[in-house]
Amino acid sequence: MKGKISIVLAGVGGQGVITAANILGKAAVKAKVNVFVSEVHGMAQRGGAVNCTVRLGNVSGPLVPTGTADAIISLEPSEVLRNIFLSNEKTIIITDITPVIPFTVSTGEDEYPDVEDIFKEISSYSKLFKIDATKIAENAGAIITKNIVMLGALAAVNILPFDKEIILNTILDNVPSKFRDINKKAFEGGLKAVNI
Amino acid sequence: MEILEDKFGKQILLLGNEAITRGAIEAGVDVATTYPGTPSSEIADTFSIIAKYFTKQKKIPSFYFEYSTNEKVALEVAAAASISGLRSLTCMKHVGLNVASDTFMTYMYIGTRGGHIIVTADDPSCHSSQNEQDNRYYAIFGGAPMLEPSTPQEAKEMTRIGFDISEELKSPIILRTTTRLNHVRGPIILEKIKKPRKKGHFEKNPMWVTTPAIARARHPELLKMLEKAEKISEKSEFNKIVKIGKQSDWGIITSGVSYNYVKEAVEDLKLDVKILKLGMTNPLPKKMCSNFIKSCKNIIIVEELEPILENQIKQMAYELGCKINIFGKSTGHFSRLFEYNPDIVINALCKIFKKKSPIQKPKESKIKLPSRPPALCPGCPHRATYYAAKKAQPEGVIYPTDIGCYTLGRAKPLEMADLLLCMGSNAGTACGLSVATDSKIISFMGDSTFFHSGIPPIIDAVHHNHDVVITVLDNRTTAMTGHQPHPGTDFDGMGRRAKKILIEDVVKGCGVKHIEVTDPDNIKETTKAFKRALEYKGPSVVVSKSPCIILENRDKRKSGEKIPVYEIDQEKCKRCKTCIGRFGCPALYFGDDESVNIDPQQCNGCGHCALICPFGAIHKKEVKK
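Just so you know, the protein sequences line up as chains Y and X, in that order.
For the first sequence, the positions run 1 to 196 when this note's numbering is used.
For the second sequence, the positions run 1 to 625 when this note's numbering is used.
Misleading hints may appear alongside valid ones.
[Said to hold, decoys possible] Label-pair restraints from in silico Cβ distances:
| hint | chain 1 | residue 1 | chain 2 | residue 2 | range |
| --- | --- | --- | --- | --- | --- |
| 1 | X | G509 | Y | D114 | 32 to 40 Å |
| 2 | Y | E116 | X | M1 | 45 to 53 Å |
| 3 | X | N597 | Y | D132 | 21 to 29 Å |
| 4 | Y | G14 | X | K204 | 49 to 57 Å |
| 5 | X | S439 | Y | D132 | 50 to 58 Å |
[Stated by the list, open to error] Restricting the straight-line Cα-Cα distance to at most 30 Å, the calculated cross-link-like pairs of lysine-lysine (DSS-like) are:
| hint | chain 1 | residue 1 | chain 2 | residue 2 |
| --- | --- | --- | --- | --- |
| 6 | X | K361 | Y | K130 |
| 7 | X | K528 | Y | K32 |
| 8 | X | K270 | Y | K4 |
| 9 | X | K354 | Y | K4 |
| 10 | X | K198 | X | K412 |
| 11 | X | K500 | X | K56 |
| 12 | Y | K184 | X | K556 |
| 13 | X | K558 | Y | K185 |
| 14 | X | K513 | X | K440 |
| 15 | X | K356 | Y | K178 |
| 16 | X | K351 | Y | K4 |
| 17 | Y | K2 | X | K240 |
| 18 | X | K528 | X | K500 |
| 19 | X | K500 | X | K198 |
| 20 | Y | K2 | X | K351 |
| 21 | Y | K178 | X | K556 |
| 22 | X | K240 | X | K412 |
| 23 | X | K354 | Y | K164 |
| 24 | X | K7 | Y | K32 |
| 25 | Y | K185 | X | K562 |
| 26 | Y | K130 | X | K366 |
| 27 | X | K356 | X | K366 |
| 28 | X | K537 | Y | K184 |
What the hints contain is simulated information worked out from the structure, not anything from laboratory work.
Model, not experiment: these values are computed from the prediction.
Think of the CB as a built atom: it goes at the ideal place given N, C-alpha and C, for glycine as much as any other residue.
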């Protein structure tokens, strides 16, 4: 491929952000596209905000310069805004609509903003697709496949330099055989959830 | 296993750390040792996964691997193997090399026979560390040849070829990485896998015994080795000039991950420059650098942290009598702080080349976002131990702490971490605080930390009769770095049965007279144990034993045992907030009506909240899979 594509995957520790980024990376290798993926490990990972970046094409490293993300895929609404500095007016933003309330809200140190306000603000910046990934994942058979739903949604917006089938096949190659159907359903659910 | 495939030329995606392991396997590594630490952990964990895969099939893996007691031991085990002619790899995080530095400095004097790669994983920006020291200084300090990869592919190749360099020089070498290499995935091209040597032979020789006379004889040999290493550096494929755009008298000298940012920035900004990309950075290829300096009128040095290349290049320019402009840290274009990123490099280059930066003003969220600091997991036994210790003496206690998950006891509402330096520092600083103040001292360290470096300060406390309570939080794993085994577990890094060493036995052997062994799941009894320890004049040790909830629940799921979920009886709950405001389990939250609730998704079923509720309002609900 010519040029470069930068994808930001965001969420909260335990939601499968790293797994999703890893699948995109493996799909790229399968498609013979150059790729770098950045990950978060160790103390930074425990219950905190997680952000992985995937860059494809004529790139030398995985970090995304400010304002140059082609897409931000978030498993949690407020985490989009934490990464909004990476977006521009053309950036495609896809987020799950279910908030994960941090403990700092319970202890009274922080407040969780109104979800509709979050969506309004994102829409004022970029093209926003909201999807109920939690419900789609539940319907597919396991809430843990929310990350796969989001990959389906990403595949739907047609910005990746390889086919949807390559992503789906990479997913299926990387899950135990008894979970293949659930993951396939989750991916297809994500694909259908985005109308472009 | 994909990482073991012997398919020459095949491309696979690997994490930088996995690529290092693959490189070692391609080179026929015989012995690998470590003490886990982010960002290095997955190098050793990959060895462990491979070894366990073989052990499970009752086969013997091609290498020996161990999670050693600490980095110093790890280096010594591998050094002896290399001295006996085997190929070894030792990996650790940057501060681990401080622990191993005593061994390292003299090891450089005597050298080795089989190749030995010492991986130091530096952590600019302190993502998971207590400092951001630049370990390239260790290469200069000890006189170790050093390789610095930019990408996972280069990390693999430098590891593979590094063994040959190490053997040619009869010296251990450093592979210096940073977080943004360790934790980056990239495509790897597989090479053939060499057969390991399996068994070494130790040839007795007085030169291995560093008495003063031998040390004096060895130091000149070390300097000679460095001269030879410089010749290798001159010819190394890892040092190269990359020309971008038209012929130009502008040069950039860079190494490690900074090269990635430089290359992309130069291409995107359409600058005409040549880049001297250095991969073997100690010793520097002096001739190559000198020729590069002579061919430039302006040189920009781009390196994270300390001005190590910058100072050496300046010295070379001075010796050459070259009057050139050198831009870098000393001119204020680059910082000595924190890791770099594309923005930093693009903006600095634009400033130097007097171009308008293409980096737009970042969009900022107008909405204030809640913070998500890392926290002890729901069900973590450490929280129960902390709660009990505070209950035993609520005021006037200083809490020295240590490196591990339990450092998170620093956060609200517990706030039970007052002083931290490094691995094992809890007990040493506890002794000092008991000398310097009249406060009660309760220190905390984990089980792996206890074995790593927690024992000598306990002996100090006994010998000098310091009035301290030293707590060992024994959750039977090295949790924070990814659940590695340690000397207190009954299996090792290769998945074999291992002798389990009891912490209370070691403590008893150190001469501690007052030892409390307690289960934090029983908060009442644990509180009493801390009270008794505090009343005792002199050093006491509390060993608080309960397995890491993540491992415990993983085992339960495997065996089909159900994990309970707790819920709150809203009729009985008086909103006293003990559970949220004092205990602080993240599975608890306030509902819209100010009611206290438990998130069943997050609840790990420990039941600690039910124990501490003053009104008996919390009970077991049902079971989840």
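Checked hints:
A C-beta distance of roughly 60 Å is found between G509 (chain X) and D114 (chain Y), which places it outside the suggested range of 32 to 40 Å. Range check, E116 (chain Y) to M1 (chain X): about 48 Å between beta-carbon atoms, so the 45 to 53 Å window is met. Range check, N597 (chain X) to D132 (chain Y): Cβ separation about 22 Å, and the 21 to 29 Å hint holds. A hinted range of 49 to 57 Å for the beta carbons of G14 (chain Y) and K204 (chain X) is consistent with their spacing of about 55 Å.
Here the CB-CB span from S439 (chain X) to D132 (chain Y) is close to 54 Å, well matched to the stated 50 to 58 Å. Distance restraint check for K361 (chain X) and K130 (chain Y): the Cα-Cα separation of roughly 26 Å lies within the 30 Å cut-off, and the hinted pair is therefore satisfied. With a C-alpha separation of about 63 Å, the suggested pairing of K528 (chain X) with K32 (chain Y) is violated against the 30 Å cut-off. Proposed proximity of K270 (chain X) and K4 (chain Y) is supported: the alpha carbons are some 16 Å apart, at most 30 Å.
For the proposed pair K354 (chain X) and K4 (chain Y), the alpha carbon gap of about 26 Å is at most 30 Å, so the pair holds. Using a Cα cut-off of 30 Å, the hinted pair K198 (chain X) and K412 (chain X) is violated, with the two alpha carbons roughly 52 Å apart. For the suggested pair K500 (chain X) and K56 (chain X), the alpha carbons sit about 20 Å apart, so the restraint of at most 30 Å is met. Simply put, K184 (chain Y) and K556 (chain X) have alpha-carbon atoms about 28 Å apart, close enough for the 30 Å limit, and the pair holds.
Restraint check for K558 (chain X) and K185 (chain Y): satisfied, since their Cα atoms lie roughly 25 Å apart, inside the 30 Å limit. Simply put, K513 (chain X) and K440 (chain X) have alpha-carbon atoms about 18 Å apart, close enough for the 30 Å limit, and the pair holds. Of the pairs offered as hints, the one joining K356 (chain X) and K178 (chain Y) is violated, with about 55 Å between alpha carbons and a cut-off of 30 Å exceeded. Distance check on the hinted pair: K351 (chain X) and K4 (chain Y) sit about 25 Å apart at the alpha-carbon level, within 30 Å; holds.
Annotation: proposed proximity of K2 (chain Y) to K240 (chain X) holds, straight-line Cα distance about 25 Å (limit 30 Å). The suggested pairing of K528 (chain X) with K500 (chain X) holds, with an alpha-carbon distance near 28 Å, which does not exceed 30 Å. With a CA separation close to 27 Å, the supplied pair K500 (chain X) and K198 (chain X) stays within the 30 Å bound. Proximity of K2 (chain Y) to K351 (chain X) is assessed by CA-CA distance (about 28 Å); at most 30 Å being required, the pair is judged to hold.
For the given pair, K178 (chain Y) sits about 20 Å from K556 (chain X) by alpha-carbon distance, which is consistent with the 30 Å threshold. For a cut-off of 30 Å, the pair hint linking K240 (chain X) to K412 (chain X) is broken: about 51 Å separates their Cα positions. Taken as a hint, the K354 (chain X) and K164 (chain Y) pair is broken in the structure, with Cα atoms around 44 Å apart against an allowance of 30 Å. Taking the CA atoms of K7 (chain X) and K32 (chain Y), the gap is about 17 Å. The hint holds against a cut of 30 Å.
Proposed proximity of K185 (chain Y) and K562 (chain X) is supported: the alpha carbons are some 27 Å apart, at most 30 Å. Only pairs whose Cα atoms come within 30 Å are accepted, and K130 (chain Y) paired with K366 (chain X) is accepted, the gap being roughly 20 Å. About 27 Å separates the Cα atoms of K356 (chain X) and K366 (chain X), which keeps this hinted pair within 30 Å; it holds. About 64 Å separates the Cα atoms of K537 (chain X) and K184 (chain Y), which puts this hinted pair outside 30 Å; it is violated.
Consistency note: the structure conflicts with the earlier hints numbered 1, 7, 10, 15, 22, 23 and 28.
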